[in-house]
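Line by line, the protein sequences give chains B and H. If you use our numbering, the first sequence corresponds to residues 69 to 494, in order. If you use our numbering, the second sequence corresponds to residues 16 to 230, in order.
These are calculated hints, taken from the structure and not from any lab test. Cβ coordinates follow ideal geometry from the N, Cα and C atoms, glycine included. Since no wrong hints were added, every one of them can be taken at face value.
Which chain H residues stay away from chain B? Per the calculated CB distances, all over 12 Å, these:
1. 70
2. 80
3. 83
4. 87
5. 93
6. 162
7. 168
Simulated pairs of lysine-lysine, DSSO-like, Cα-Cα distance not exceeding 30 Å:
8. B:350 with H:196
9. B:359 with H:196
10. B:412 with H:196
11. H:177 with B:350
12. B:212 with H:43
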Amino acid sequence: MTKEDGGRRGRAGLDRRSLLGGAAGVGGTLLAAAGGARAEEAAIPAELPEWSRYLGPGVDDEPYGKPSKYEAHVIRRNVEWLTASTESSVNFTPLPWLNGIITPNGVFFERHHGGRAEIDPTKHRLLIHGLVEKPLVYTMEDIKRLPCEDRIWFLECAANGGMEWRGAQLNGCQYVRGMIGCAQWTGVRLKTLLERSGLKPNAKWVLAEGADASALTRSFPIEKALDDAFVAYAQNGEALRPGQGYPLRLILPGWEANMSVKWLRRIEVGDAPWYTRWETSKYTDLLPSGKAYKFTWVQEANSVITWPAPEHKVDGPGQYMIRGLAWSGRGRIVRVDLTFDGGKNWVTAPLQEPILPKALTRFYYPWRWDGSSVIIASRAIDETGYVQPTITQLRNARGRNSIYHNNAIITWLVNSSGEVENVQVA
Amino acid sequence: MFKSRDFLLAGAVAAVLLPFTALSAAEKPIGRVPTAEEIARWDIDVRPDGLGLPPGRGTAKEGEEIYLARCASCHGEFGEAVGRWPPLVGGQGSLTWDEPIKTVTSYWPYATTVFDYIKRAMPFGDAQSLTDDEVYAITAFLLASDGIISEDFVVDAQSLPKIVMPNADGFVEDPRPDVPKGEPCMKDCVAEVTIIGHARKIGVTPEDKARPVTD
Numbered sequence: 069m070t071k072e073d074g075g076r077r078g079r080a081g082l083d084r085r086s087l088l089g090g091a092a093g094v095g096g097t098l099l100a101a102a103g104g105a106r107a108e109e110a111a112i113p114a115e116l117p118e119w120s121r122y123l124g125p126g127v128d129d130e131p132y133g134k135p136s137k138y139e140a141h142v143i144r145r146n147v148e149w150l151t152a153s154t155e156s157s158v159n160f161t162p163l164p165w166l167n168g169i170i171t172p173n174g175v176f177f178e179r180h181h182g183g184r185a186e187i188d189p190t191k192h193r194l195l196i197h198g199l200v201e202k203p204l205v206y207t208m209e210d211i212k213r214l215p216c217e218d219r220i221w222f223l224e225c226a227a228n229g230g231m232e233w234r235g236a237q238l239n240g241c242q243y244v245r246g247m248i249g250c251a252q253w254t255g256v257r258l259k260t261l262l263e264r265s266g267l268k269p270n271a272k273w274v275l276a277e278g279a280d281a282s283a284l285t286r287s288f289p290i291e292k293a294l295d296d297a298f299v300a301y302a303q304n305g306e307a308l309r310p311g312q313g314y315p316l317r318l319i320l321p322g323w324e325a326n327m328s329v330k331w332l333r334r335i336e337v338g339d340a341p342w343y344t345r346w347e348t349s350k351y352t353d354l355l356p357s358g359k360a361y362k363f364t365w366v367q368e369a370n371s372v373i374t375w376p377a378p379e380h381k382v383d384g385p386g387q388y389m390i391r392g393l394a395w396s397g398r399g400r401i402v403r404v405d406l407t408f409d410g411g412k413n414w415v416t417a418p419l420q421e422p423i424l425p426k427a428l429t430r431f432y433y434p435w436r437w438d439g440s441s442v443i444i445a446s447r448a449i450d451e452t453g454y455v456q457p458t459i460t461q462l463r464n465a466r467g468r469n470s471i472y473h474n475n476a477i478i479t480w481l482v483n484s485s486g487e488v489e490n491v492q493v494a
Numbered sequence: 016m017f018k019s020r021d022f023l024l025a026g027a028v029a030a031v032l033l034p035f036t037a038l039s040a041a042e043k044p045i046g047r048v049p050t051a052e053e054i055a056r057w058d059i060d061v062r063p064d065g066l067g068l069p070p071g072r073g074t075a076k077e078g079e080e081i082y083l084a085r086c087a088s089c090h091g092e093f094g095e096a097v098g099r100w101p102p103l104v105g106g107q108g109s110l111t112w113d114e115p116i117k118t119v120t121s122y123w124p125y126a127t128t129v130f131d132y133i134k135r136a137m138p139f140g141d142a143q144s145l146t147d148d149e150v151y152a153i154t155a156f157l158l159a160s161d162g163i164i165s166e167d168f169v170v171d172a173q174s175l176p177k178i179v180m181p182n183a184d185g186f187v188e189d190p191r192p193d194v195p196k197g198e199p200c201m202k203d204c205v206a207e208v209t210i211i212g213h214a215r216k217i218g219v220t221p222e223d224k225a226r227p228v229t230d
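My request is simple: use the sequences and hints to build the entire structure.
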């Protein structure tokens, strides 16, 4: 007998008909999950729950598994007013409900400039040409025959936190830092591909191009191409998802994710940068002087407290675990400091292993909340000694119109009712 | 004995190295040399020095009609934008303002990028459907709309790289890190903490009833 076949018994107070009614049954379960009075929650349920008594579904009903229906809030979200169309837009990783350093593939943020291309891998090719001795075109099958590696790196949109340059705007951890994800990528070093074609002596710059409807192009120096640039076909053990560039994407570890061109179809080697639309009109940082920084590639050290966050409520005084993430495009995180008084005093939080370069790093910190209003924040320091700045320090350097590369310390106000709000302090 | 063992060892080493070194004629190669025509089909990028610009030509007068038919529904008749689609024209001199207007004509450093981008990505949803003459003509139309070139200026592979955009020298190399360095303060760092911004008061966060406030 399974719980779907109507043979199950109702719990006290609910007759069999209302359970069979479906919607009412689900509503009842949700209510139970949300919890009623505190005293009830503490007690071990008197009744045997239905899942302890009746069989659940077998192994055939879900060939590709999904999270529990009680986790339905852990999804990517879009901010509709940001863009004119969802095909040229971004959604955000639900950081406040995630754990560890690996972002599940189904909730990894997406930013597209011409919608999510759905590519037939048998029709996909990667072309390597330009200042090389021997241009080559590869099938996906070819690429999978080359020496491969597994590497863990974060990808962060240059515009992560961009809405906060002018002030605290979006009241959610997901929205102020969710244009990031971290995964284990499987693929081939770009160096391997370039060496197979043979670089000409004047090879100085590389152009990567996507096969989507925006044919996105970015230039980067040959030094990065021969260092850790990577061509990935798998993410967290499975093929890339279409939204992450299936069947093939570039990864430039630690650099703004727009450069990690998805749906990668072409690599051209040249002797000068191309100044594409995505490295002039966009992804340049406008200063108050009217000048703009160009080629701002690296994602500098950054961190965020993912619990508590505006999506949560601290449910009464007592002991909790502060949870957070730190990362740096320049290498490893060496330290994360926390403040509980808006930045007057700081303590150092222990870091969780593994601490990998250009990857998300976890920190946890036991915290006793006394029920008073507190202002909490985290501050990351990386192996180059770079210290995550305050929003005031960033504005002093770049004004308020940069849009990109806002890695300022994020501050949460926990009020005396336990509600959490995104605030900016000075 | 020794001889055959050496031979076996040499064989094992060769077996490991073989797939990534020279292959015998019978083996399946990894990657294929493309023809020049194949490369040309994909290689549509254009650089500021004009490298990659195809043959063809166009003027603003010729471009106006194509622009109105293929672009104006989103970008506006004058490039001023319809609704929240991006504006393409205007805002020269606004880059130092509190609310700068960044457009092709106010912000882009190179005219070649205009050609490159329109050819590869526009119109949005029907990419790479314009002829090279049409792209030259629309490029001319956008630049002429903001007085960067005249109405009858002929834009082609020779003239386009020579056009000097208003913001040509607007970009500087990335100087970051550009924030204070050194050991950060741990105790009594600031005398008083003031909250200068509340996200709740701004009220632009998407409402999501499915999102619980408790964990």
